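Student: Next come the chains, spelled out residue by residue.
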Amino acid sequence: GAGVSQSPSNKVTEKGKDVELRCDPISGHTALYWYRQSLGQGLEFLIYFQGNSAPDKSGLPSDRFSAERTGGSVSTLTIQRTQQEDSAVYLCASSPHPTSGEQFFGPGTRLTVL
Amino acid sequence: AQSVAQPEDQVNVAEGNPLTVKCTYSVSGNPYLFWYVQYPNRGLQFLLKYITGDNLVKGSYGFEAEFNKSQTSFHLKKPSALVSDSALYFCAVRDMEAGNNRKLIWGLGTSLAVNP
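Chain order of the listed sequences is S and F. Taking the working numbering, the leading residue of the first sequence gets 1, the next gets one more, and so forth. Taking the working numbering, the leading residue of the second sequence gets 1, the next gets one more, and so forth.
What the hints contain is simulated information worked out from the structure, not anything from laboratory work. Hints should not be assumed to be uniformly reliable.
[Stated by the list, open to error] No more than 20 Å apart at the CA atoms, straight line, and that leaves these computed lysine to aspartate or glutamate pairs for EDC-like:
1) F:Lys49 with S:Glu102
2) F:Lys22 with F:Asp9
3) S:Lys11 with S:Asp24
4) S:Lys57 with F:Glu97
5) F:Lys58 with S:Glu102
6) S:Lys57 with F:Asp95
7) S:Lys15 with S:Asp63
8) S:Lys17 with S:Glu102
9) F:Lys77 with F:Glu66
Predicted model, so just to flag it, every value in this text is computed and none were measured.
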């Protein structure tokens with residue numbers, strides 16, 4: 001079956017521009033997570049969506065970062081006025097049973113801010 | 001504070017030898033523990049998990065992990081390493097703080113290199 005997909009796979013942008021990253025989770029998965037992975041670093045939690053509940057935004061590094069999830073499915077992560085330190089791989093994961101802990105990851109979007 | 005530690009940034013083993021990738025944790029209550037693997041230029045994949053039951057859990061690709069409550073460890077093991085096992089391995093534990101139990105706390109990862 002189809003896994004988690006993310007687009008674009010690569011994004012190069014200029015400092016100060018806005019970018020949108022898209023995530024299509026596995027159908028039926030109620031939970032969706034966004035992470036950031038910098039070169040040689042671990043996973044940094046950004047935001048979590050669960051069904052119709054208010055998202056957990058506790059990991060967003062600044063107010064330039066926002067995300068939404070429409071219709072309980074597709075999610076978009078938006079970074080406004082990008083900075084060079086935003087360069088990283090942005091990973092999306094979905095889960096059918098978030099309390100079980102098993103998450104299914106997409107291939108990621110590599111963002112490069114020049 | 002809750003945490004996960006992977007004390008080795010890199011582990012090198014020869015093909016055919018046993019491998020161990022270490023993980024220790026600190027959470028309140030009974031832990032839910034996980035191992036994920038990230039192959040080069042690919043997304044993370046779930047390997048195995050421990051929730052309850054036998055301390056030795058078996059997962060994908062011949063990997064297993066041993067839960068040790070007294071040592072608060074969950075080391076990943078494989079009896080005979082393959083070159084194709086070379087990847088980045090992440091240990092994670094479920095956040096046990098009230099309201100956070102749908103989130104994982106991640107280690108920083110251990111890069112495994114299996115030499116032919």
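Student: For each hint given before, does the structure comply? Return the numbers of the non-compliant ones in rising order.
Tutor: As far as the earlier hints go, only 8 is violated by this structure.
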